[in-house]
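Novice: These protein sequence lines map, in sequence, to chains A and B.
With the working numbering applied, the first sequence corresponds to residues 797 to 1194, in that order.
With the working numbering applied, the second sequence corresponds to residues 4 to 266, in that order.
You may find that some hints are simply not true.
Taking lysine-lysine and the DSSO-like style, the derived pairs with C-alpha atoms no more than 30 Å apart in a straight line are [as the list claims (entries may be wrong)]:
id, chain 1, residue 1, chain 2, residue 2
1, A, LYS1076, B, LYS120
2, B, LYS198, A, LYS806
3, B, LYS151, A, LYS905
Pairwise CB distance ranges, derived in the manner of DEER restraints [unchecked claim]:
id, chain 1, residue 1, chain 2, residue 2, range
4, B, PRO142, A, GLU1091, 14 to 24 Å
5, B, GLY247, A, GLU834, 48 to 58 Å
6, A, GLY1062, B, ASN250, 51 to 61 Å
7, B, PRO142, A, GLU1049, 27 to 37 Å
8, A, GLN1020, B, ASN149, 56 to 66 Å
9, B, LYS148, A, ALA937, 43 to 53 Å
10, B, ASN149, A, GLY1062, 36 to 46 Å
11, B, ASN149, A, GLY854, 50 to 60 Å
Bear in mind the hints are in silico, worked out from the structure with no lab data behind them.
Just so it is clear, CB atoms sit at the ideal spot from N, CA and C, and this is done for glycine as well.
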Amino acid sequence: MTTYTMPDNKGRYGEFGGQFVPELLMPALIELEKAYEEAMVDPSFTEELDYYLKQYIGRETPLYYAEQLSKQLGGPKIFLKREDLNHTGAHKINNTIGQALLTIRMGKKKVVAETGAGQHGVATATVCALLGLDCIVFMGAEDMKRQKLNVFRMELLGAEVRSVSQGSSTLKDATNEALRYWASHVNDTHYILGSAVGPHPFPKMVRDLQSVIGKETKLQIIEQTGKLPDAVVACVGGGSNSIGMFHPFIEDEEVKLYGAEAAGLGVETKDHAASLTKGKLGIFHGTLSHLLQDENGQVKEAFSISAGLDYPGIGPEHSHLHVTKRATYKPITDEEALEAFQFLSKTEGIIPALESSHAVALAMKLAKEMTSKETLVICLSGRGDKDVEQVKARLEAE
Amino acid sequence: MGRQKLEQALQQKQAANQNLFVPYIMAGDGGLDLLEERINFLQESGASAIELGIPFSDPIADGPTIQEAGIRALANGTSLASILEFLKSTKVDRSIPIILMTYVNPIYRYGMEQFAKDCADSGVDGIIIPDVPMEEEGPIATHLKNEKIAFIRLAAMTSPEERLKEIASKSEGFLYAVAVMGTTGARSSHGDNVKSYLENLKKYSTVPVLAGFGVSTVEQAHELSSHCDGVIVGSKIVDLLHQGKNNEVKNLIQGSIQTSIHA
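Bound-form chain B, shown alone (with noise of 0.2 Å):
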């Protein structure tokens, strides 16, 4: 469980040589029903793991997309208590790494500590929080590491070298390039200097690189994932699962993971 998990899965998609693939979803949006549903589906369609959006009211790192989908989502009663709750009553029937992401204000309500012990019992892998800088992680990095939670942490174009090194060589599970100048959602494209962007965290990083917001095709995972190691993908999924259109969720990962069309 945990750290270990999270990171073993990833060795295993990469030795059967996948480009890795972790779609995010809001949890609560369409009812936890639905999210079982998801997990199942996302795993069947060959995701390496899933990212589970914790729905806040003020989520100034996402777009549009998520935002709606967070504001659907507290509108169903969903909270960072009941998607633990869900989660720990699954965790058997459950094979892929769980990585939730959440905004710090409902983990420092919930309690830092308790909220890394409940994340262990309910099989929870690894941790997302965008508004923690290096500055502030203190505190809930211990927690998780007490636990053997991965704290998955966020680079940006923006981290001058040092910070990129130091970033990186934190990192757990994966390591989360923010690959474009702003907030979650759809790009038509990645800037130039991505790719320099890129291939520089995979020398500082022990962990594998995941490129992330901005990204919704096959065409644009291939080409990130030809300078790390695969993408995550938020907006376009979240998009995709709300309009009920699971086959092109299916073929968005499926034809991401290959390796032999642009190799």
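This is chain A alone, in the form it adopts within the complex (with noise of 0.2 Å):
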């Protein structure tokens, strides 16, 4: 077992990573890489903490043993790590409360966030009206008209939604925009990224406060079958609830990882987010890792029926695990992920993400070329009410 301590002191994970950004945001970037590096060693910071992840979100979540699914794929025993039962109902909230204690601890108060469907935006306005920080989120402007409720449920929790009309109006201009918000309110504001994407020390700290998902599941299917999983699977966007199953299973070399990237129509069309697939290397958002642009370097617009995996970047952890070959990443098309969240929703009553469809639609390839003495974990990383309205309208269109 070789021992993994990734990402080096530059912010590297192999040749991926960095800190690109402008001079302006150094000095936050570093402050903010201190701060946090202190606060995970402060048993004052870590308990407190742990105390929000227990009474506020309700941790720990359930290792669900997914029987009636295991049985109709008749491969291996599968699990379902029930990050959707998480208050807010997705992972993204772990991430949050974290970075807004260490917003308190920086003595900052004022956050400012970018969001896509609006899932993290919820995530960062909740833990800003619990706290009592003040929010701003930036949206795509196409994001808010097709996520009304959550543009609601953002302002309703005393968050300002700013709209963005620059570019496609999606998460990519939308992240854009908050980085030159930060650059202008640097002093009084932490910027609080949703993914493991970005300039370190975003990716590390993202990863570290995301890991609760992979440590619990460790010692819970330890617990209910006696051994490590076989394989663990999870969605990947800009690649945050699987970098923090991942984490704690990547130096069992026997448990295999996978991760499951957004096809959207077909890699071989132009409207999908496989960022690993298809993408090359680019630096992009201040982190070097494999990215969607065309050959002059202009970043494309990313493309999935998931508005949490449609991002044409991908986390630098993510493209070292894929080049090392630790993790295995592999594309789902929209139509596989649809029919995995029908599928979920009528065998085992869960209604998942469409995120999380990807993760599930994966895993019942997975499942075809294992055995029942075999494990595999699912991270159901959100619930799939979000989506309802979206894949009704979608469904009756066929």
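With the hints as a guide, dock the two chains, each given alone in a separate frame, to form the complex.
Specialist: This is how it looks when you write it as structure tokens:
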């Protein structure tokens, strides 16, 4: 067993990662890294974080043996890590609570965030309401139209939602605008980035805060089955739930790690979000990783039925796990995700988020090659209530 | 050519008792034909050097004016490769130093070593990369040094003294002092702390210090130039050229470079 110590002190995961940001933001990243490293070894901080994770968010989340699903697929015993049962309905809040507590520790009172479909925005607005922080969320104008209810939720929670109409008016543009806002207000504002992307120390910090998923899973699966799982599956957009699930298993080489990328209409078309399958190395939003881009280095729009996976880049640690072959990443199309969405709803009475449905779909494929003596864990990163309207419209149109 | 040409050109302007003035234009905004015309026009108007922006899909250091110019340039099919080709084909007609301002990803995609070589071939004298701080500059700095191209560093008002000293000591050609907290684009005024920031940079730097971001008027240019060596003006120039107000650009440059007004 080899010891895994990524990232190095320059924020690199092998060749990936780094801090490609304007000088204006560098002092804030240095301050953040220092504050974060100090906080994580300060019992008064970690105890407070643990308190909110348990009492406010509702952790630990169950590792549920999906007996019906396992039977129907006829392969391994399948377990669902129920991140959908967290407060606000997804894993996003594991990260936002940690970063909000860190904001207070750094003496800042304001928070800025980006959001695509609104899940990270809601999770950020929630913890800001809880802890009395001012919150501004940048959201693409197109996404605001598609996700009116989440806009209302954020406003109800006291956040200000700012519409971004630059570029494609989606997540990548909202992230650009949040970075610009942060540069203008960096003295009193912390940027709560929602995924394991961006400049160091964000990918590490988000991974560590999300690693509670994998740590709990490891203890729970051993308690229930007496051994480590044979395979772990999670969906990957920027890659926060997946890196949180994978990280505690990286040194356990017998555990196979699988990431489901969004293949949209298919990786052979231009409409997908499969950064690892189809992207080339590039530098985007402060980090070096796999990126959907043209031959001139212009970043392409990503496409997926699932807004949470609709991002042209990917976290640098996933790029590292991909090139070192420690994890395997497979594309899952919109159609496959929709099928899995319905299948899990019918077999287990659990409506998964469209993002998580990609992980379910990949697990359904992997199950065919596995035996009943093996176990497989799916990270069910979020609940699907937010998606039922979209799925209904889509199914009725077919 | 390269760093030497840029530094000599700036010295000549200063020897002639002028404030330095570097206009920024977005390459390919209005097409590459218009670019040649604009370079000649800025040269004749008295600019010290020209900063040529390479359009990028996600320009996080730029405000709305330059973002929109970038979108227009990309819609015209402009790329780093096409701009370098253009600069190569026109270099014999040009005496003014050319500086490229580009985000790092187009260079990364192009290949850093090839980029430095092709810049040298195309008569590019200096490079500004807003999203490469000292922590990440190693590989590109080496390639630019090999080709004797000035690597112009950016200082920020958030940088602590130790970083400012290091940035200033490294900068080549001139030092780009970002004079606002935030992105490019016109501001009505600069903060009170700009004065001491620029004067400190002057102490630390062996190359001229130019203030940029938020500068749009002759008055601002004079005020900032009284604490350093001159200014860089982007959004205002991009906006005026887009509206065809070339005369106003000329007035802005010629008014700004005069040192007699506030002397």
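Novice: Now look at each hint and say whether the structure bears it out.
Specialist: Quick rundown of the hints versus the structure:
The hinted pair formed by LYS1076(A) and LYS120(B) meets the criterion: a straight-line CA distance of about 23 Å does not exceed 30 Å. Annotation: proposed proximity of LYS198(B) to LYS806(A) is violated, straight-line Cα distance about 33 Å (limit 30 Å). Of the supplied pair hints, the one linking LYS151(B) and LYS905(A) is violated, its CA atoms being roughly 46 Å apart against a limit of 30 Å. Here the CB-CB span from PRO142(B) to GLU1091(A) is close to 21 Å, well matched to the stated 14 to 24 Å.
A hinted range of 48 to 58 Å holds for the C-beta pair GLY247(B) and GLU834(A), which are about 56 Å apart. Distance hint for GLY1062(A) and ASN250(B): a CB-CB separation of about 54 Å, consistent with the stated range 51 to 61 Å. A C-beta distance of roughly 33 Å is found between PRO142(B) and GLU1049(A), which places it inside the suggested range of 27 to 37 Å. For the pair GLN1020(A) and ASN149(B), the beta carbons lie near 60 Å from each other, so the given range of 56 to 66 Å is met.
Between LYS148(B) and ALA937(A) the C-beta distance comes to about 44 Å, which sits within the given range of 43 to 53 Å. Separation of ASN149(B) from GLY1062(A) is about 44 Å and conforms to the stated range, judged on CB atoms against 36 to 46 Å. For the pair ASN149(B) and GLY854(A), the supplied restraint of 50 to 60 Å holds, since their beta-carbon distance comes to about 58 Å.
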